[in-house]
Amino acid sequence: AEAAELRARLRAVRHTVLVLSGKGGVGKSTFSALLAHGLAADETKQVALLDIDICGPSIPKMMGLEGEQVHQSGSGWSPVYVEENLGVMSVGFLLSSPDDAVIWRGPKKNGLIKQFLRDVDWGEVDYLVVDTPPGTSDEHLALVQLLGAARIDGAVILTTPQEVSLQDVRKEINFCRKVKLPIIGVVENMSGFVCPKCKNESQIFPPTTGGAEMMCQNLNVSLLGKVPLDPQIGKSCDRGQSFLAEAPESPATLSYRNIIQRIQEYCEQHHFQEEKIM
Amino acid sequence: TLPEGSNLAGVQHIVLVLSGKGGVGKSTISTELALALRSAGKRVGILDVDLCGPSIPRMLRAQDSAVHQCASGWVPVLLGQDTALALMSIGFLLERPDDAVVWRGPKKNALIKQFVTDVAWGDLDFLIVDTPPGTSDEHISTVEALRPYQLLGAILVTTPQ
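Keeping their order, the protein sequence lines are chains A and B. FYI, in UniProt numbering the residues of the first sequence are 1 to 278. FYI, in UniProt numbering the residues of the second sequence are 1 to 161.
Any given hint could be a false lead.
Unchecked claim - DEER-style ranges, computed between Cβ atoms:
(1) B:64 <-> A:108: 35 to 43 Å
(2) A:220 <-> B:36: 53 to 61 Å
(3) B:97 <-> A:193: 47 to 55 Å
(4) A:178 <-> B:65: 38 to 46 Å
(5) A:101 <-> B:61: 32 to 40 Å
(6) B:106 <-> A:261: 41 to 49 Å
(7) A:2 <-> B:117: 51 to 59 Å
What the hints assert, rightly or not - Straight-line alpha carbon distances no greater than 27 Å define the calculated BS3-like cross-link-like pairs of lysine-lysine that follow:
(8) A:61 <-> A:180
(9) B:113 <-> A:180
(10) B:107 <-> B:42
(11) B:107 <-> B:21
(12) A:180 <-> A:108
(13) A:45 <-> A:61
(14) A:197 <-> A:235
(15) A:199 <-> A:226
(16) A:108 <-> B:42
(17) A:235 <-> A:180
(18) B:113 <-> B:42
(19) A:61 <-> A:114
(20) A:61 <-> A:108
(21) A:108 <-> A:197
(22) B:113 <-> A:235
(23) B:21 <-> A:61
(24) B:21 <-> A:114
(25) B:42 <-> A:114
(26) B:107 <-> A:199
(27) A:45 <-> A:108
(28) A:114 <-> A:45
(29) A:178 <-> A:197
(30) A:61 <-> A:226
(31) A:108 <-> B:21
(32) A:197 <-> A:114
(33) A:178 <-> A:235
(34) A:114 <-> A:178
(35) A:178 <-> B:42
(36) A:226 <-> B:21
These are computed hints drawn from the structure, not numbers from a lab. Since this is a predicted model, take the numbers as computed values, not measurements. Ideal placement from N, C-alpha and C gives every residue a C-beta, glycine not left out.
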């Protein structure tokens, strides 16, 4: 019965995109939030953003939803809506205080993720974006097993240019291959900084081993784009505002928009191929 | 009292390096702290319990090292002419560095317990324990396993935002 409930919820979701990285602090949540905003810019599309980072849920703050609570209804848990067509769910909404630590072992975390997928009443959804914690562990396995690799359009993998990040990201790519999760592509964040005053470019995180570009070539995955550092990104995140809306002229915004478009195109094609087969 | 012949009996102080957040510099700080203490003439060990993303070996250019076992457990990788820096990380146990360690909690816990109790550290002034981001299996198991010993405390690392 549980499995049937889960299947029913997921049937109402047209496209699912996972945002992953082996490495922490490379911009998964930032990207997930902006991807959700970008997709929801089309008011005819219904977008859902699910934050399964149970220990460090960043999405509520980034979406300006801190302090919001989750309500239960007859049809399940209601997501918190940022826009009419953009709903959000995170363990952050279940905490009584934002500083409460969720100190759970794997099995309990898996239980919550299962509940999120089964009990949240998203309704009909065009895009489900799932933000994940760093690593390749319980949360990631639970997600792939519960959603089923076949139902996920693919994963977007985030990295920064330096080898210390890439070495963790290669593991993530191998994880995706192991569990047969398609990889939409890799995004390289914090890829250079252009000084707004003198316009000189600095490599704050030098790509000592060729950056994401070299890694993608070697591992035969798509490089979706490179996003430069922009201090406004962190500020917008801290304030719960969409960076794309607050800094429409930033080179980072341009990069993000191009990447989001590529992801949309990938998903539309993916669906089209499925329909062709049917 | 400590168990007889405990591998941590010769360790004077244990420091955990923590952060809820990923990518703020835990491994970097752990490495620099260890090197600074060694420069000050101390014998230092680093235990890297980040099973999914072990960064310490590369930071000390030890990524190609292998570990061996002896009668009392794992022999840590010893660095430097004076071998005053000892290292243990799951990074050393991976056959291929790009292999993902896709383990659920219970298996991670078992390995961490082994790392904490079964590494033959010998005499150390400081053991620095680098952790992954979060507050989950690795952290619970590490603290539980270290509780009987001289836990000096935790250093918390963050970035400004």
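Discussion item. Could you work out which of the previously given hints the structure breaks and list their numbers from low to high?
Written reply: Per hint list: 2, 3, 4, 7, 8, 9, 10, 16, 17, 21, 22, 25, 26, 27, 29, 32, 33 and 35 violated.
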